[in-house]
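Engineer: Spelled out, the chains give:
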Amino acid sequence: MGEGQIRQWEIGHLKLRFEVVWSMAISSLRVRLFRSFLTCLTITVATAFMMYLLTMPRAAEASEQQSWYLMLTLALIVAAAGVLNAMLMSVSQRYREIGTIKCLGALDTMVLYSVLLEAAMLGLIGAIAGAIAGGIISVLLGLASHGGNVFQELELGGLGYKVMFVFFVGMILTTLGASIPAWVAAKMPPVEAMRGEK
Amino acid sequence: MTTAESDSAPRQSEHVQWFANLDQQVDCTVMTKGVCKDYVMGEITIHALDDVSVSIGSGEYISIMGPSGSGKTTLFNCIGGLTKPTAGSVFIDEIDVAQLDANELAWLRCRKIGYIFQSYNIIKVMTAVENVLLPMLFAGVPRDDAQDRAVEILERVGLGDRILHTPKELSGGQQQRVAIARAFANTPAIILADEPTANLDVNTGEQIIHLMKEMNREMGVTVICSTHDHKMLDVSDRIVWMEDGQIKQIRRREDVDIKVDRLAEKE
Ligand SMILES: Nc1ncnc2c1ncn2[C@@H]1O[C@H](COP(=O)(O)OP(=O)(O)O)[C@@H](O)[C@H]1O
Ligand SMILES: [Mg+2]
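Protein sequences appear in the order of chains A and B. If you want this note's numbering, it's the 1-based position in the first sequence plus 44. If you want this note's numbering, it's the 1-based position in the second sequence plus 3.
Simulated from the structure, these hints should not be mistaken for lab results. Fair warning: there could be bad hints in the mix.
What the hints assert, rightly or not - Pulled a few chain B residues facing chain A out of the computed Cβ check, cut under 7 Å:
| hint | residue |
| --- | --- |
| 1 | Asn-80 |
| 2 | Glu-107 |
| 3 | Cys-113 |
| 4 | Tyr-118 |
| 5 | Asn-124 |
| 6 | Ile-126 |
| 7 | Val-128 |
| 8 | Leu-137 |
| 9 | Pro-138 |
| 10 | Leu-140 |
| 11 | Gly-143 |
Note that CB positions come from ideal geometry on N, CA and C, so glycine has one too.
Kindly produce the complete structure, drawing on both the sequences and the hints.
Structural biologist: The structure is reproduced here in structure tokens:
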């Protein structure tokens with residue numbers, strides 16, 4: 045070999061593969077099925093409450109309106125906090141695993157997106173279930189208090205929009221709640237991550 | 004390589020002795036130059052690595068010995084780009100690891116370096132074959148090809164009948180074989196094995212070391228392996244002795260008389 049060394053390779057770049065992100069997220073959901081179910085339930089309850097608030101027979105007085113907004117806000121906060129907590133737990137149980145896959149060449153973005161996707165899937169299922177459940181609860185409670193003419197009393201105007209609204213809010217909250225844990229996981233230095241719990 | 008030796012001009016006289024022990028390495032996979040790593044803990048600073056310079060040739064099998072706390076793991080972390088040295092540089096095939104961005108570092112870890120850990124670090128929730136698949140998926144290998152290769156390597160390390168087992172269904176030695184298969188999956192240039200046998204009984208440990216040696220010969224990969232155990236030294240080309248974050252000795256295997264309790268120089 046002449047002057048200097050001829051390297052057989054050049055440094056390359058890794059591409060983020062959606063397929064891999066997807067399978068990591070699915071595998072994490074499957075492994076922690078019971079916790080995933082509970083997280084999903086949190087989202088369902090919050091979304092259902094939101095849906096109920098939007099469709100229930102509403103009084104026109106200003107004071108009632110205020111408490112209505114308050115309840116809506118509370119429902120959103122509870123949902124976001126529940127997701128934040130659940131995803132933080134899910135991530136902190138996986139420190140070692142995350143450190144290991146980073147040693148194997150996982151990109152930060154891969155870790156980030158797989159945690160976000162995991163939460164988004166929970167959000168999707170929870171939000172759909174919640175929107176349906178909330179609607180049903182509205183109808184049932186309405187039937188109980190108003191009897192047969194429930195459908196006139198209920199705020200069913202723009203029902204499609206309401207379902208969509210509730211659904212998107214549920215999804216966005218879930219993803220927001222998961223963004224902090226996802227960021228923590230993605231930025232964790234592999235060495236420290238592996239030093240963590242055995 | 005014409006400049007490596009003169010570039011790393013030894014600062015201390017004892018360095019001269021180490022380099023005298025080196026053959027002229029034509030292709031040098033790993034080179035550290037004056038690598039220091041300090042950990043500041045409140046008032047005190049721990050010099051985990053103190054001016055470590057070593058050149059490791061392509062295809063060499065290097066054993067690193069040294070008591071606990073001597074800086075072996077820290078050195079591995081610096082070589083693997085997991086820890087930034089406080090001073091000095093690490094070169095992998097003449098690429099300065101400190102110059103790489105996050106994605107390039109991930110690429111390096113994925114394609115050029117295979118890690119083997121003391122505690123196996125097999126992903127608990129995945130089967131053996133899924134564990135071996137991972138680095139290949141990260142590297143962009145299509146899943147079907149990766150699957151075939153994963154099975155092939157698992158057969159090579161003697162786990163052909165265990166590919167669908169999860170870690171809790173595998174013994175320590177078997178888990179370490181999965182880790183070896185995983186480390187070799189992307190045909191790396193360097194294997195960094197940090198006390199791979201420390202959690203295993205002596206016989207299993209020796210099997211693991213011999214497996215690594217075979218892979219080292221077959222694939223021409225450079226193996227850097229730290230160990231406490233003198234029995235594990237026989238397979239190495241050179242032995243590095245570390246103490247207090249410094250390299251005390253580097254010896255070729257044939258110049259060393261391996262006794263069970265000490266490392267003696269041949270008369
Ligand atoms: N993250 C850290 N923070 C503080 N000190 C550390 C850290 N990692 C290692 N050390 C210290 O550096 C020294 C070398 O440690 P290490 O490289 O793990 O040695 P070995 O692997 O040879 O047992 C030890 O004194 C250890 O306490
Ligand atoms: Mg160590």
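Engineer: Next, verify each hint and record whether it holds.
Structural biologist: Structure-based check of each hint:
1. Asn-80: Where the cut-off is 7 Å and the nearest Cβ of chain A is about 6 Å from B:Asn-80, the hint holds.
2. Glu-107: With a minimum Cβ separation of about 5 Å from chain A (threshold 7 Å), the hint on B:Glu-107 holds.
3. Cys-113: holds, 2 Å
4. Tyr-118: holds, 5 Å
5. Asn-124: Since the shortest Cβ distance to chain A is 5 Å, the answer is holds.
6. Ile-126: holds, 5 Å
7. Val-128: Holds, because the Cβ-Cβ distance from B:Val-128 to chain A comes to roughly 4 Å (cut-off 7 Å).
8. Leu-137: Cβ of B:Leu-137 sits 6 Å from chain A, so the hint holds.
9. Pro-138: This hint holds: B:Pro-138 lies near chain A, its Cβ roughly 4 Å from the closest one there, short of 7 Å.
10. Leu-140: It holds, given that the least Cβ distance between B:Leu-140 and chain A is near 5 Å, below 7 Å.
11. Gly-143: Holds, because the Cβ-Cβ distance from B:Gly-143 to chain A comes to roughly 6 Å (cut-off 7 Å).
When the structure is compared with the earlier hints, no violation turns up for any of them.
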